[in-house]
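Using the working numbering, read the sequence shown as starting at 1 and increasing by one per residue.
If you're looking for bench data, these hints aren't it; they were derived computationally from the structure. Be a bit skeptical, because a hint or two may be false.
In silico DSSO-like pairs for lysine-lysine, Cα to Cα no more than 30 Å straight-line [what the hints assert, rightly or not]: (1) K16 to K206; (2) K31 to K144; (3) K100 to K31.
Quick list of the computed label-pair ranges, beta carbon to beta carbon [claimed, not checked]: (4) E178 to A136: 30 to 36 Å; (5) P161 to H135: 39 to 45 Å; (6) K143 to G74: 30 to 36 Å; (7) E11 to G218: 20 to 26 Å; (8) T137 to K16: 31 to 37 Å; (9) K16 to G139: 38 to 44 Å; (10) A138 to K220: 32 to 38 Å; (11) K184 to D121: 33 to 39 Å; (12) A182 to Q32: 34 to 40 Å; (13) S194 to E46: 40 to 46 Å.
All residues carry an ideal CB built from backbone N, CA and C; glycine is no exception.
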Amino acid sequence: MQTGKITPNLEESWLKALENEFYKPYFESLKQFLVDEKKLYSIYPEGKNIFAALNHTPLPQVKVVILGQDPYHGQGQANGFCFSVNKGVPLPPSLKNIYKELESDLSIPPASSGDLTPWADQGVLLLNATLTVRHATAGSHQKKGWEEFTDAIIDVLNKQPQKIVFLLWGRYAQMKAERISAEKHHLLKAAHPSPFSAYNGFFGCKHFSKTNKLLSLGGKQEINWDLN
Numbered sequence: 001m002q003t004g005k006i007t008p009n010l011e012e013s014w015l016k017a018l019e020n021e022f023y024k025p026y027f028e029s030l031k032q033f034l035v036d037e038k039k040l041y042s043i044y045p046e047g048k049n050i051f052a053a054l055n056h057t058p059l060p061q062v063k064v065v066i067l068g069q070d071p072y073h074g075q076g077q078a079n080g081f082c083f084s085v086n087k088g089v090p091l092p093p094s095l096k097n098i099y100k101e102l103e104s105d106l107s108i109p110p111a112s113s114g115d116l117t118p119w120a121d122q123g124v125l126l127l128n129a130t131l132t133v134r135h136a137t138a139g140s141h142q143k144k145g146w147e148e149f150t151d152a153i154i155d156v157l158n159k160q161p162q163k164i165v166f167l168l169w170g171r172y173a174q175m176k177a178e179r180i181s182a183e184k185h186h187l188l189k190a191a192h193p194s195p196f197s198a199y200n201g202f203f204g205c206k207h208f209s210k211t212n213k214l215l216s217l218g219g220k221q222e223i224n225w226d227l228n
């Protein structure tokens, strides 16, 4: 990303909805922060993938939102989708637990790949609250402006005419719930799939089957969660 009045290379519907954000002071500061960070550290995901979640799931196609916290901070892990890693990258612990719950809920065997792009292509917006991170430093790009930007994304989603299913896993994701109309959309809450909290309410939440039931009741095509 460069400083100056330049908008990111973003899918058309999202660009139209978010364009004003890119010229606000907080986003100008965020861009400068990222420029300075890149001079000193490795930053993930790589620049072309920072907005991958938005680019793969156009706004009118969003049926489900899964909200994560930070991108993975190991080399080669983050690919712009929350909880997802590229093919060939070892599965992170949280993703392993997501696959365990998927198997328990829908009898879908765990996939060998951690690439969740097929979900994104079906209308599942895989959004992190913070879109970048410094190598090996979790939370390093929090409170630099990304949260304000992703709040704007949530606000845009909340205004959509279609009912959207929001999967809010963990306290950090659930903080966004105050921006979402529970009368208009579906909010499913559970513990985070991290090994530190998965046994406190993520396992057994059955969010995958519940999501498909809500989509079906709304006359929408169910998500094929099977990545095998």
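Each hint tested on the structure:
1. K16 to K206: violated, 35 Å
2. K31 to K144: holds, 9 Å
3. K100 to K31: Violated, at roughly 38 Å.
4. E178 to A136: 30 to 36 Å: The hint (30 to 36 Å, Cβ to Cβ) holds, given that E178 and A136 are roughly 32 Å apart.
5. P161 to H135: 39 to 45 Å: Holds: the Cβ-Cβ distance is about 41 Å, inside 39 to 45 Å.
6. K143 to G74: 30 to 36 Å: violated, 22 Å
7. E11 to G218: 20 to 26 Å: The hint (20 to 26 Å, Cβ to Cβ) holds, given that E11 and G218 are roughly 24 Å apart.
8. T137 to K16: 31 to 37 Å: holds, 34 Å
9. K16 to G139: 38 to 44 Å: violated, 31 Å
10. A138 to K220: 32 to 38 Å: Taking Cβ atoms as reference, A138 and K220 lie about 35 Å apart, which means the hint holds.
11. K184 to D121: 33 to 39 Å: Given about 25 Å between the Cβ atoms, the range is violated.
12. A182 to Q32: 34 to 40 Å: holds, 37 Å
13. S194 to E46: 40 to 46 Å: violated, 25 Å
The structure does not agree with the numbered hints 1, 3, 6, 9, 11, 13 stated previously, though it agrees with the rest.
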